[in-house]
Amino acid sequence: MTKSENGRRRERQDAHWIEWLTGIVSALLVAALLGWLGWEALMRPTTPPDLSIHVVSTQPSSGGYRVAFDISNAGTTTAAAVTVIGRLIKDGQVIEESPVVFDYVAAQSKTQGAIFFRNDPAASEMVMRPAGYTSP
Amino acid sequence: MTDDAASAESDQSEFSRFITGLARGVAGALFFALPMLMTMEMWYLGFYMARERLLLLVILNIPLLVLLAHRIGFEKTVSWRDAVRDAIVAYGIGIPTSAIVLAALGLLRGDMSASELIGKIALQSVPASIGAMLGRSQLGDEDDDTERKSTPYHSELFLMGTGALFLSLNIAPTDEMIVLSYKMTIWHALVISLISIALMHGLVYAVSFMGGHELSPETPWWHAFVRFTLPGYVVALTVSMLTLWIFERLGDSSAIEIMVSVIVLGFPAALGAAGARLIL
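Taken in sequence, the protein lines are chains A and B. The first sequence maps to residues 0 to 135 in numbering that gives the first Met the number 0. The second sequence maps to residues 0 to 279 in numbering that gives the first Met the number 0.
Possibly wrong hints are sitting among the right ones.
[Said to hold, decoys possible] Counterexamples of contact, computed for chain B against chain A with all Cβ distances above 10 Å: (1) F17; (2) P62; (3) G105; (4) L202.
[As the list claims (entries may be wrong)] Short derived list, chain B residues pointing at chain A, Cβ under 10 Å: (5) L63; (6) H153; (7) I177; (8) W186; (9) S252.
It should be emphasised that the hints constitute simulated quantities derived from the structure, not laboratory data. Everything numeric in this text was worked out from a predicted model, so none of it was measured. The beta-carbon is built from N, C-alpha and C at its ideal position, and this holds for glycine as well.
Throw the hints in and build the complete structure from the sequences for me.
Okay, structure coming up:
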């Protein structure tokens with residue numbers, strides 16, 4: 000309970016037990032949060048972005064095919080401006096190439112994207128790889 | 000005759016008082032919501048954010064406004080009926096104010112889909128209605144602060160939550176939030192979190208602002224720290240996590256990345272929480 004008097008407010012000395020209970024629970028939560036962060040900060044090694052791509056589905060779309068994929072970053076550093084290049088290869092020749100750029104792929108996280116092809120990816124070999132990234 | 004004249008006069012003053020209240024509401028809505036009305040990410044969120052999250056935000060705003068009206072209502076609201084009426088009026092001010100400003104800024108056009116138009120207005124009406132509510136009370140007559148009044152513990156926590164929500168709504172939609180959490184290491188997050196807690200306590204107790212709180216000389220400092228500052232920080236972090244989730248800023252990130260974002264937004268949220276205790 001807080002009392003207001005002449006624009007100044009004074010906390011009461013004889014607090015209700017619920018205030019102490021809330022306070023103690025909050026103190027435990029904050030301590031757990033700081034402890035967890037501290038432990039992670041000490042124990043988690045800094046590794047560069049490690050990007051991998053997993054194709055989820057290939058579906059026909061208007062004027063071509065849409066290849067949806069997940070890109071995940073196993074490293075503990077975030078990668079920015081991640082370029083992914085998708086290629087269709089037939090008889091050793093690259094018949095089609097489409098790029099896509101992700102603003103960010105966060106550390107130890109995954110995100111979704113898709114690439115469009117005019118040719119059917121099922122009829123040729125499809126290669127998708129991250130081409131590079133910058134530091135955020 | 001004289002009775003009629005008197006009642007007509009009081010009707011007249013009642014009416015003009017109501018109009019003044021509306022005008023203050025519009026002023027408050029503009030004052031508080033303009034930063035968000037002019038934020039690019041807020042326009043985009045209006046059409047791409049998940050509709051169920053937008054609905055949740057718009058619905059959660061109603062009890063928030065009612066509680067706020069009950070606490071700081073402009074006509075010294077006592078009954079819940081008045082609080083509900085005040086909340087509806089504030090929401091009613093917030094929606095057309097956002098619609099007019101968005102239209103005036105050229106952000107609402109005839110060729111947009113209805114979902115985009117409504118989404119943009121609905122999203123902006125939330126901060127605008129909180130602004131309208133605060134405007135009606137804060138821009139109005141000075142409260143008679145010499146009277147003794149006491150704030151129950153739960154409403155002290157609620158005020159902190161409102162202040163935290165207000166600053167969070169301003170900052171959570173921006174891309175800077177995401178970039179910051181990617182640039183920071185966990186050590187940075189730890190430091191920010193300690194600074195937030197220290198500032199929350201310092202703003203309210205140590206720095207003698209008008210409306211600051213003080214402790215009786217015989218109370219040890221950590222009493223207020225445990226009873227008010229730490230619960231306030233937990234409230235600020237909860238609000239920060241909720242707004243980040245509603246604005247789809249968390250994505251498929253790992254727990255530690257989410258926590259860093261929550262702590263970054265928790266910094267302004269904690270200041271908002273402390274500010275609300277001083278101002279409201």
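Hints and how they fare:
1. Non-interface status of F17 of chain B relative to chain A is upheld: no Cβ of that chain comes within 10 Å, the nearest being about 28 Å off.
2. No Cβ of chain A approaches the Cβ of P62 of chain B within 10 Å, the least distance being about 20 Å, so the stated non-interface status holds.
3. Distance check on G105 of chain B: its Cβ is at least 26 Å (rounded) from any Cβ of chain A, clearing the 10 Å threshold; non-interface status holds.
4. With a closest Cβ-Cβ approach of about 13 Å to chain A, L202 of chain B is found to remain outside the 10 Å limit, as its non-interface label requires.
5. With its C-beta approaching chain A no nearer than about 20 Å, L63 of chain B sits outside the 10 Å limit, and its interface hint is violated.
6. For H153 of chain B, the shortest C-beta to C-beta distance to chain A is roughly 9 Å, which falls under 10 Å, so the interface hint holds.
7. The interface hint given for I177 of chain B is met, as the beta carbon of that residue sits about 7 Å from the closest beta carbon of chain A, less than 10 Å.
8. Interface restraint check: W186 of chain B against chain A, minimum CB-CB distance 5 Å, threshold 10 Å, status holds.
9. Interface hint at S252 of chain B: satisfied, since its Cβ lies 4 Å from the closest Cβ of chain A, which is below the 10 Å cut-off.
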